[in-house]
Structures are given as C-alpha cells and as structure tokens.
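Residue numbers (this note's numbering), protein chains in the order written: chain X, 1 to 102; chain S, 103 to 479.
It is worth saying that the hints were derived from the structure and are not from the lab.
Honestly, I wouldn't trust all of these hints.
[To be verified] Here are the simulated EDC-like cross-link-like pairs (lysine to aspartate or glutamate), alpha carbons at most 16 Å apart as the crow flies: (1) Lys329/S - Glu29/X; (2) Lys45/X - Glu387/S; (3) Lys248/S - Glu29/X; (4) Lys45/X - Glu417/S; (5) Lys248/S - Glu417/S; (6) Lys26/X - Glu417/S; (7) Lys315/S - Glu29/X; (8) Lys169/S - Asp158/S; (9) Lys104/S - Asp427/S; (10) Lys315/S - Glu76/X; (11) Lys384/S - Glu314/S; (12) Lys45/X - Glu381/S; (13) Lys315/S - Asp68/X; (14) Lys248/S - Asp68/X; (15) Lys45/X - Asp277/S; (16) Lys169/S - Glu29/X.
As the structure is a prediction and not an experimental result, all values here were calculated from the model.
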Amino acid sequence: MFSLFKKKPSSYSATLSPSGKVINVKKGENLLTAALSAGIKWPYKCRVGSCGTCKCKITGGKISPEIDFSYVLNFEEMNTGYALACQTVLKTDVKVTINLKK
Amino acid sequence: MKTFYVNARYLIVPVMTIATILGIFIGNTFAWLGVILFGANTIIDTLTRGIHLRADFDDNGNSFGIKRLQYAVMYFMLPAFIFLQVILAWRLYQYTAFIPFNDFSFFGIPYQDGITGFNLIGSVLSAGLWAGLGIIYGHELSHNRKEGFLTSRLIMALSGASHFTYAHVYNHHLDLGHEDDPATAPRGRNVYTHAWLSHAGQSQYSYNLEKEKLQRQRKSFFSLSNKWILGYLYSLPSIFLFVWAGGFLGVLSLIVVWSISNFLLEALNFMGHYGLIREKGKPVEHRHSWDNDNLFTSWFFIEIGRQGDHHVRGETYFWELDDVDAPNYGIGYFSLFVLTLIPSLFRKFTQNLLDDWDRNKATSAERKIANQFSNFS
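Based on the sequences and whatever the hints tell you, model everything.
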C-alpha cells in the first residue's frame, strides 16, 4: 500500500552488454536518445519505430513500449525480449544486449 | 514570460477551431466564419513570410515548451473535432427538418434556430477546412505514446483517413523521397492527382502492412486485430451521424467535408517533399524535406513545417524542432497552398528551387534520378 506514496525515481540505469557500459536514462526518455546523449554509437535510422535498426534485447528489468513492436520485430524477437530502443521507455533499471558494431 | 509566449503561440488552431464551432452554432452568416478565418490566415501568412524564428531554449539548453500543456491541447482537439462534426450534423438536421427560424440564447450565447441553404454551405465548408487542419494533431500524436497513436487514429478517422497514422510512421518516414512512398510527390505531379494517389497509396500500404503482420501472427485478416479494417470502422460513427442528421444530403455533406479535409492533408504531404529525391536505403537527411517555417506557418501548424529536422529527429517534440538549413520554400504554407492550386504556377515557382537542389544538395545518384523528370520542367 505504501508503494503508492513512494517517490518514483527520475531516472533509471541501462547496463549494456557485451560492452559493460552503463547509461542513465531519464524517466520518459527513450533508450536510444539516452544512449546517443551518452555518446554511445547505437545503430539507428528512422527514430520513429519503423526500421528496426535500433533493436536490442532486454535481458533484465521492465520497459514500456511506446509503439507496437510487432510491425517491425518478427515472432521470435517479440517472444525473446527484443525491443526497439527508439520506442522504449524504462520502468526499472534494465540490462540490454546490443550489437554496437552494426 | 518567455514560457507563456512559447506555449501560447501554438494555440491558434484550437482557438480558431472553437470559433468555427461557435460560428456554426450561432448560425446565420456566422456559419461562414471558418471560411473567413481560413482566408484571413492566408493573408497573415503571406504578410509574415519574411519572419523566421529559431527554436527557443534557455541557457541550460532546456526548452520552454510545457509538455503536459501541449499534450493536453492535442488530446483536447479530438473532442473538439468531434464536436465540430456534431454541430454540423445538428445544422443539417435543422435544414432537412425545415426547422423554422427563431432567435434563442444558450447560456448567454445567442444563436439562430433554422438555417438557410446558403449558410448550410458555409457550415459544411467551414467544417471541412477545419477538420482538415486536424491532421496537424493527428500527425504529431502519431509519433507519441500508445494512447497518442490511438488518439491520432481517431482524429484521422473523423476524416475517413485513419490509415494515415500507420502509413505515416511505417511508410513515409522510412521511404520518403523514394517512389515507394506514396506521400512523396514526384516532379511534375500536381496536387489534385497527388491527393488521390497519395490517399489510395497510403491506404494500400496500410492494408499490406496489416496483412503481413496478421500472417506472421497466424491470425485471420478479417478480425478486429486488423488495424486497417478497424480504422475504417472508427469512421462509421461519422457516417451514421450524417445519415441520421440529413439522409442523402447528410451523406453528400460528409463527402464534401471529407474531400476538403483529405485534400488539405494530402496537400501538406505534397508540399512537404515535392520533387525531392532520395536513393533507396540511404539515410534520410535534412536535405530530403522542404522546410516551410515563416512565423505564422510555424505557430499555426505547430512546426510541421520543420520537416527537415522532424524527419531526422522524429522523436523530437514539435516545439523543439529547429531550422536545420533544409531546403526552404521561403513562403508560408497558406501562400504555398494557393500556388499549388494552379499547377503551372507551382511548377514555375519550384523550378528554380529544384534546380538549386539538384546543383547543390543532390548526390550524383539522386541527380541521375532527377534527370528522369527533366521532361516536366
């Protein structure tokens, strides 16, 4: 019951693997924007959730998709935790697998 | 003071939409208010064409825009546009039911019961023009949270164009400047042809997008999971309302309203990327969009004219979009829209701009594609 009165954090952390880098993601900010602001060379193209270039795998924590991922991600990706970083907002600290060499 | 100025300047459309609704409600010749406002905007836009402003940020780089306020306004526009249709339907009913003329007052607002055919035409035209302007909110919300996306669909459904939301995000943003994007007008096409081709092409894209998604999910095409079908179902209440209100005349009026509003939507698509070319698969750059950002256009269209920045930073709030040295028409959207209505004039106006783009902004591959259109110059 008292969790209702608990102050929600203003940011969360995203730990990237395999690089091990940790980025700070402000509440309401999408993962891609936070990564780019932190100087991470995250692969991207459209930034509106239509190309899939920024996709990553959420291996821990909770996220909130801003758009329906099923138009871009395939069935297997949808079921194994993949997300579009440009349309992903964090609800907790998360762990993310992303191929930064793409 | 700066915060007030930055946020209040984007309230032009909400205020004028309410004025249009009131005009139809008050009746008599006030029913033409929406048309008059559209004309006045064209004059204001032309007069302010030389004034260009940059996006406003404080010394710490923070925007003055208040997200909650701007979003509240955008979400408010859905019931506002619904009410615009309801008030028009009421007038249609009054005309077809031969309601006698009488002066009344509603909470202090005087209005005239009954309406002449002439003023009914004014009501229909006013509603069509301002329903068309609803697309600026349909567009902005298509790029935001799930509830924003749905609200965008509902706003567009009021014009029978719910497919726009999907086509805009999944097709236009990915394929702009290429022949795979029905919303991009190639050189030589006029706005009248584009209106049909773009509308049908975007709907077809949404149909195919949905078909492929449902096949992947092993779901039937004919189900409520089909967003393409659902989009058209969202438009049914408008159809029922106008059929009930005016029968055959109601249907005719709705066709006029939808024709005007869809024409305005596709005219914006037409102006946004006319003649610009991008090689398929290459990154979208600022130079692949036309900016149109004089003061009045910027404020009225909530920065939709900053296409260059928007297509590179699609997630950016409209009040943070900036001048990025994208190709620029140099005149406002209202003024440009008038030019598009006379195709030969529009082609003449854009020829130098396109020649300059070919010379100074196009890659050699893009110039090669542009040469295919040289017969239209």
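Are there hints from earlier that the structure breaks, and if so, what are their numbers? Violated hints: 1, 7, 9, 11; rest satisfied.
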